[in-house]
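Residue numbers (our numbering), protein chains in the order written: chain A, 9 to 205; chain B, 9 to 205; chain C, 9 to 205; chain D, 9 to 205.
To be clear, the hints were calculated from the coordinates, so they are not data collected in a lab. Predicted, not measured: the structure shown is a model, and the values here were computed from it. Treat the hints with care, since some could be wrong.
Identical copies carry no separate label here, and so any pair may be met within one copy or between two of them.
[Claimed, not checked] Okay, derived cross-link-like pairs now, SDA-like style, lysine to any residue, Cα gap no bigger than 20 Å in a straight line:
1) Lys50 to Leu33
2) Lys50 to Val37
3) Lys50 to Pro36
4) Lys153 to Gly80
5) Lys153 to Ala185
6) Lys50 to Arg34
7) Lys153 to Ala177
8) Lys50 to Gly40
9) Lys50 to Phe91
10) Lys50 to Gly122
11) Lys50 to Leu31
Protein chains: 4
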Amino acid sequence: MSRGRLEAFSDGVIAVVITIMVLNLRAPVGAGLHDLRPLVPKLSVYALSFVFLAIYWNNHHHLLQLVDHVSGAALWANAHLLFWLSLTPVAAEWLGPHLRNSTPVAVYGVVLLGSGVAFWILAHSLVAAHGPDSRIALAIGRDRKGNLSLVAYVLGIAIAPVLPALSIALYVAVAVAWFIPDRRVERVLSRPDGTSE
Amino acid sequence: MSRGRLEAFSDGVIAVVITIMVLNLRAPVGAGLHDLRPLVPKLSVYALSFVFLAIYWNNHHHLLQLVDHVSGAALWANAHLLFWLSLTPVAAEWLGPHLRNSTPVAVYGVVLLGSGVAFWILAHSLVAAHGPDSRIALAIGRDRKGNLSLVAYVLGIAIAPVLPALSIALYVAVAVAWFIPDRRVERVLSRPDGTSE
Amino acid sequence: MSRGRLEAFSDGVIAVVITIMVLNLRAPVGAGLHDLRPLVPKLSVYALSFVFLAIYWNNHHHLLQLVDHVSGAALWANAHLLFWLSLTPVAAEWLGPHLRNSTPVAVYGVVLLGSGVAFWILAHSLVAAHGPDSRIALAIGRDRKGNLSLVAYVLGIAIAPVLPALSIALYVAVAVAWFIPDRRVERVLSRPDGTSE
Amino acid sequence: MSRGRLEAFSDGVIAVVITIMVLNLRAPVGAGLHDLRPLVPKLSVYALSFVFLAIYWNNHHHLLQLVDHVSGAALWANAHLLFWLSLTPVAAEWLGPHLRNSTPVAVYGVVLLGSGVAFWILAHSLVAAHGPDSRIALAIGRDRKGNLSLVAYVLGIAIAPVLPALSIALYVAVAVAWFIPDRRVERVLSRPDGTSE
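With the hints as extra help, turn the sequences into a complete structure.
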């Protein structure tokens with residue numbers, strides 16, 4: 009099956025998810041500068057969630073560049089990833105006004121963890137379909153950064169009942185760590201024997 | 009007429025439909041764990057509807073891979089399918105808090121039935137345009153799974169006034185049955201004389 | 009300039025416009041069959057608007073198939089068309105519960121007229137850029153159906169203060185007339201000297 | 009990295025941003041002509057914002073036509089631009105009913121300025137990756153129109169506390185100035201040694 013339409017559909021879903029998040033930022037009723045204050049935490053959570061979704065889009069893009077064909081299992085692994093990503097807006101909407109409350113902070117982490125695990129499943133289903141010597145298997149490798157992110161999310165969820173501020177710091181740290189696109193993939197793509205798109 | 013833009017437009021509509029459904033999941037006002045409870049049935053209905061839409065996207069993708077050209081009639085058959093799929097969010101919004109009520113359960117089934125019938129019309133209009141010996145005619149064949157799904161939807165609607173829980177069980181059963189991409193299409197696509205995209 | 013990205017962007021906008029219209033169909037609060045009654049006129053207006061937008065998508069698709077290059081003026085003519093189409097949801101939202109009220113019926117006609125005029129401008133700016141002997145000039149020709157539609161919209165708006173029901177009948181008649189894709193374009197595309205995409 | 013998927017993703021986000029702005033135009037409750045009056049300022053702000061987003065889409069399109077490859081830094085510069093553009097709907101929602109209030113007028117200018125700066129960063133990161141003799145470097149050149157726009161936005165923000173009407177006049181003037189697609193790019197593209205797409 010062609011990967012083009014899978015990319016187009018995933019792009020569409022991520023583009024809509026990223027954009028409808030902005031619907032949570034309702035304009036204030038009043039027209040003064042102080043009316044903007046309640047928007048500040050919502051805007052911060054929006055920016056963080058935007059970065060997370062952009063990271064997934066980037067990594068998804070990199071991942072599929074290494075793929076020749078997409079199996080039926082990978083289609084569902086991809087839909088599973090999109091399902092978790094589509095929960096980001098409601099988790100962000102809840103977190104916005106409740107940055108110091110344990111449950112919204114933990115639930116936001118659960119959505120991050122679900123998305124991370126779903127990406128892991130997608131990557132490994134693609135590796136499984138292409139074999140251990142494929143370009144994608146080399147590029148994914150041991151995936152230390154991905155695994156450490158999952159650990160950070162689990163820690164963030166576990167810490168949230170006690171120290172929600174530290175959970176948020178962990179989430180931000182993961183976003184910063186992923187800010188730079190995946191060097192491993194770029195390394196493989198730029199090899200003499202690797203044909204980049 | 010080219011099939012590429014038809015696919016792109018359908019992908020766009022399905023991607024938006026799948027994503028705006030998440031707007032029904034409003035974040036709770038309170039910040040406690042128990043505030044999440046009313047979200048649970050809504051989230052279940054969202055997951056079920058997400059799976060249905062992903063199934064349609066998968067099957068739509070498979071179907072159009074077998075097509076060389078798209079007639080004017082098929083364009084309208086496709087728009088008709090998108091119309092029914094676009095009613096999924098409002099049917100899901102109504103079903104979410106009313107899982108035990110006959111009318112919302114029946115109405116959800118009507119939308120499923122409408123989508124199923126529309127897919128049947130689209131598939132058969134494509135078969136009609138390509139002839140009985142075309143790859144698509146072979147792939148669709150007698151379409152037992154599709155016809156059984158329609159029967160299940162009709163049963164679900166008929167049972168809803170008496171046993172809405174059984175109706176929902178029927179809908180879930182259809183989703184599970186379609187979870188696996190259409191083997192018939194894959195079989196034809198992998199034949200020596202079949203040129204897959 | 010390439011026409012591909014223009015098509016993709018227009019598809020995206022139309023797909024989102026067509027889908028957010030469904031947000032007007034809020035699920036009823038109650039769970040009985042009679043709770044569905046207020047949805048019936050809204051659903052009818054949604055179906056009519058869906059058909060209009062699908063017609064524009066079809067005709068847009070046909071139109072651009074005949075185009076080799078897109079000028080800067082055509083880009084803005086296209087944006088102008090998308091602007092009018094994007095007003096369809098709010099006009100439909102107002103018309104839904106006010107099918108017998110003059111102003112909402114007239115305003116809906118104004119949006120139809122604006123879209124029709126914008127399509128006319130786009131088509132003629134493309135004809136102007138390709139010359140009077142181009143395939144697109146032949147296909148558009150005198151454009152009797154397009155011009156008659158504009159007349160019908162003007163009549164509908166003029167009649168609305170007196171007989172809104174007749175205005176709606178006029179709008180429906182135009183939709184039915186355009187239901188069939190543009191034969192003129194298909195005729196030119198299938199000519200021996202015409203290279204269809 | 010291929011530029012195609014970057015274009016598709018950006019198109020998707022801009023298409024959704026442009027369309028969800030229309031959600032701010034809620035249909036009036038009443039059905040009279042005077043019920044439309046509160047919509048007039050909102051519609052004006054919607055039209056202005058639509059033009060700004062269409063300008064960005066046009067210029068983005070022109071810019072990427074000159075690009076051979078997209079670096080990781082440019083991906084993030086592009087995401088940064090999309091972030092600012094995605095704030096347009098909420099800034100427009102606030103401005104709509106508050107056209108004479110200093111803070112909403114200034115905040116709208118901040119979103120315009122942020123988008124302008126983000127476009128500047130994207131353009132210059134692409135120039136940096138392609139070298140000073142590349143087509144894109146020639147096309148961007150000293151970018152007088154872009155720089156003047158940023159100055160106009162800063163002036164608009166600074167003037168807003170005193171004369172918000174003048175700020176809005178400045179924003180409108182910038183929109184008018186950019187209405188015509190970038191001649192510099194078209195000049196380079198049409199050179200004998202420039203291969204247009």
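For each hint, the structure was consulted:
no.	hint	verdict
1	Lys50 to Leu33	both (7 Å within a copy, 17 Å between copies)
2	Lys50 to Val37	both (16 Å within a copy, 14 Å between copies)
3	Lys50 to Pro36	both (12 Å within a copy, 15 Å between copies)
4	Lys153 to Gly80	between (27 Å within a copy, 17 Å between copies)
5	Lys153 to Ala185	within (8 Å within a copy, 37 Å between copies)
6	Lys50 to Arg34	both (10 Å within a copy, 15 Å between copies)
7	Lys153 to Ala177	within (17 Å within a copy, 41 Å between copies)
8	Lys50 to Gly40	both (18 Å within a copy, 19 Å between copies)
9	Lys50 to Phe91	between (23 Å within a copy, 14 Å between copies)
10	Lys50 to Gly122	between (22 Å within a copy, 18 Å between copies)
11	Lys50 to Leu31	both (11 Å within a copy, 17 Å between copies)
Going through the hint list in order, the structure satisfies each hint without exception.
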